[in-house]
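> Protein sequences appear in the order of chains P and B.
Taking numbering that gives the first Met the number 0, I'd label the letters of the first sequence as residues 0 to 227.
Taking numbering that gives the first Met the number 0, I'd label the letters of the second sequence as residues 0 to 227.
Hints may be right or wrong, so weigh each one.
Repeated chains share a single entry, so a pair holds when one copy, or any two copies, can fit it.
Stated by the list, open to error - When the alpha-carbon atoms are kept at most 27 Å apart in a straight line, the in silico DSSO-like pairs for lysine-lysine are as follows: (1) K23 to K85; (2) K14 to K139; (3) K68 to K159; (4) K139 to K28; (5) K14 to K193; (6) K159 to K28; (7) K85 to K28; (8) K124 to K63; (9) K113 to K124; (10) K193 to K159; (11) K28 to K68; (12) K139 to K182; (13) K113 to K159.
Honestly, the hints are just simulated from the structure, not real lab data.
Number of protein chains: 2
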Amino acid sequence: MSRKASPRPVRVKQKRLAPDDRRKEFVAKATEFFAEEGFGGGTRDLARRLGVTQPLLYRYFPSKDDLIKEVYRTVYLEPLNNGWEKLLADRSRPIRDRLQEFYSAYTEAIFTRKWLRIYLYSGLKGLDINRWYVGVVRDKILTRIIRECRHEAGLSVQSKPTAAELETAWVFHGGIFYYGIRKYIYESVVLEDKEQMISDALDVYLAGFGRVFGTAVRTQRAPVKAVG
Amino acid sequence: MSRKASPRPVRVKQKRLAPDDRRKEFVAKATEFFAEEGFGGGTRDLARRLGVTQPLLYRYFPSKDDLIKEVYRTVYLEPLNNGWEKLLADRSRPIRDRLQEFYSAYTEAIFTRKWLRIYLYSGLKGLDINRWYVGVVRDKILTRIIRECRHEAGLSVQSKPTAAELETAWVFHGGIFYYGIRKYIYESVVLEDKEQMISDALDVYLAGFGRVFGTAVRTQRAPVKAVG
DNA sequence: ATAATTAGTGATCAAGCGATAAACAATTCG
DNA sequence: CGAATTGTTTATCGCTTGATCACTAATTAT
Chain P
0 MSRKASPRPV
10 RVKQKRLAPD
20 DRRKEFVAKA
30 TEFFAEEGFG
40 GGTRDLARRL
50 GVTQPLLYRY
60 FPSKDDLIKE
70 VYRTVYLEPL
80 NNGWEKLLAD
90 RSRPIRDRLQ
100 EFYSAYTEAI
110 FTRKWLRIYL
120 YSGLKGLDIN
130 RWYVGVVRDK
140 ILTRIIRECR
150 HEAGLSVQSK
160 PTAAELETAW
170 VFHGGIFYYG
180 IRKYIYESVV
190 LEDKEQMISD
200 ALDVYLAGFG
210 RVFGTAVRTQ
220 RAPVKAVG
Chain B
0 MSRKASPRPV
10 RVKQKRLAPD
20 DRRKEFVAKA
30 TEFFAEEGFG
40 GGTRDLARRL
50 GVTQPLLYRY
60 FPSKDDLIKE
70 VYRTVYLEPL
80 NNGWEKLLAD
90 RSRPIRDRLQ
100 EFYSAYTEAI
110 FTRKWLRIYL
120 YSGLKGLDIN
130 RWYVGVVRDK
140 ILTRIIRECR
150 HEAGLSVQSK
160 PTAAELETAW
170 VFHGGIFYYG
180 IRKYIYESVV
190 LEDKEQMISD
200 ALDVYLAGFG
210 RVFGTAVRTQ
220 RAPVKAVG
């Protein structure tokens with residue numbers, strides 16, 4: 000039972016931080032932590048990563064669940080960008096360019112291991128915030144895309160998207176989303192050029208939209224990069 | 000400290016089952032249980048659902064982890080059907096029919112809350128079996144689909160799929176997969192007619208494949224159900 | 001400088017976890 | 001029948017968990 004002689008208790012110089020900074024640091028690191036470990040991860044492990052003791056967490060958050068809720072809030076709101084709706088609706092530019100730029104920026108925002116994992120975990124829990132987010136994608140993004148596609152195809156843009164239009168847009172959107180899952184969750188080998196993937200997916204979707212829902216949508220295809 | 004008088008201990012008639020039946024019942028119910036609760040769910044809660052006591056689980060499985068592994072095995076292998084490769088390769092039928100029938104059957108097998116949730120949970124854990132499954136989809140399904148599309152488009156079917164072809168097929172496949180996620184995980188309102196969703200997704204994919212990778216793939220489109 | 005305030009720590013509690021061992025009871029065998 | 005076997009339960013162990021409280025020490029106010 001010989002204890003190593005330590006002249007003074009080897010405490011690593013207790014540093015006090017302003018409450019606001021601490022809070023932000025806690026939420027940020029907790030996001031990374033829960034993204035990796037799942038929300039079953041222990042508060043002691045989390046505290047160790049933060050370089051503080053476990054009870055300190057409870058000075059800033061009444062319970063683990065409150066901390067988790069704050070993680071959700073920041074993760075879900077972080078990537079939302081108000082410029083996107085305007086970008087999609089800007090008819091002075093070709094629809095293909097707008098869609099390419101939008102999905103380029105959107106995936107840049109959400110295609111991180113952290114975001115995707117938190118998103119999946121919260122989805123499996125069936126949380127309200129997840130349902131809310133899915134509604135936002137449908138109403139702010141897909142509905143807008145369908146309207147622009149209709150306009151491009153010379154169709155009426157007054158009526159709400161039909162169920163079939165919406166579903167087809169979801170399949171397209173989900174296909175792109177799944178690229179992120181494959182890359183950052185499954186860690187599969189994917190086509191490294193994300194822009195090319197979006198471009199190809201867009202070609203397929205735009206070509207298909209015309210054939211399925213109306214007269215052909217005329218858009219110039221992006222040049223196909225060396226294939227084969 | 001008055002204990003309710005119970006003439007005999009109210010035990011619900013201990014029933015003995017043959018070990019093999021018990022095992023199967025345990026695995027089946029454990030699958031449902033873990034699908035809902037996640038693999039953090041407790042063995043006591045699981046046992047309660049099974050109508051047995053918790054230690055009994057340990058007569059059939061050395062540890063909780065072993066039980067979980069068996070859950071994975073059955074869930075992943077359950078839906079795999081050897082007839083699918085032949086179905087996809089049967090060139091006596093139009094490619095569109097084959098793809099429609101394949102995805103109809105495939106989604107019938109995996110679009111259950113149970114299967115999808117176990118799949119997502121195991122994916123988040125980064126398990127080997129998940130990587131293996133993704134490889135199977137790529138090599139047995141998508142590669143085959145691409146070959147058939149090439150054949151239909153009059154292209155060479157010798158060489159391996161290009162990265163771009165594979166990626167486009169993944170986007171298509173992932174889009175359909177995401178329909179299941181939306182319906183059974185997010186519990187969103189989706190287009191109820193799954194066959195129609197597959198049909199539309201196929202129209203888009205097949206029309207797009209021709210435009211993106213070669214001369215147009217000529218296939219008769221499925222009749223569009225009342226739209227609008 | 002001293003007092004008041006508050007960020008941070010050490011010790012600990014009650015509850016829940018996976019797992020084990022011994023007792024019990026339903027079945028099977030001689 | 002009685003004995004042996006084995007499926008099932010009761011009781012419990014050691015550990016981890018989220019959470020609390022009294023205390024220490026760094027900062028701020030007087």
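> Using 27 Å as the alpha carbon limit, work out where K85 and K28 are close: within a copy, between copies, both or neither.
neither (33 Å within a copy, 50 Å between copies)
> Treating 27 Å as the Cα threshold, decide for K159 and K28: within, between, both or neither.
neither (42 Å within a copy, 43 Å between copies)
> At most 27 Å between alpha carbons: which applies to K113 and K159, within, between, both or neither?
Close neither inside one copy (35 Å) nor across copies (33 Å); limit 27 Å.
> 27 Å Cα cut-off: does K14 pair with K193 within a copy, between copies, both or neither?
Classified as neither: same-chain Cα gap 43 Å, cross-chain 59 Å, threshold 27 Å.
> 27 Å Cα cut-off: does K124 pair with K63 within a copy, between copies, both or neither?
Answer is both; intra-copy 16 Å and inter-copy 22 Å each pass.
> From the Cα coordinates, with 27 Å as the cut-off, is the pair K23 and K85 best called within, between, both, or neither?
neither (31 Å within a copy, 56 Å between copies)
> Checking K193 and K159: alpha-carbon separation at most 27 Å within a copy, between copies, both or neither?
Close across copies (21 Å), not inside one copy (31 Å); limit 27 Å.
> Please sort K139 with K182 into within, between, both or neither, judging by C-alpha distance up to 27 Å.
both (26 Å within a copy, 20 Å between copies)
> Are the CA atoms of K113 and K124 at most 27 Å apart within a copy, between copies, both, or neither?
Cα proximity of K113 and K124: in one copy and across copies (17 Å, 14 Å).
> When no copy is named, should K14 and K139 be tagged within, between, both, or neither for a Cα gap of at most 27 Å?
neither (45 Å within a copy, 57 Å between copies)
> Is it within, between, both, or neither for K68 and K159, if the alpha carbons may be no more than 27 Å apart?
So K68 and K159 fail the 27 Å test inside a copy (34 Å) and across (47 Å) alike.
> Could you figure out if K28 and K68 sit no more than 27 Å apart (CA to CA) within one copy, between two copies, both or neither?
Result: close within a single copy only, 14 Å intra versus 31 Å inter.
In summary, the structure is inconsistent with hints 1, 2, 3, 4, 5, 6, 7, 13 from the numbered list given earlier, while agreeing with the others.
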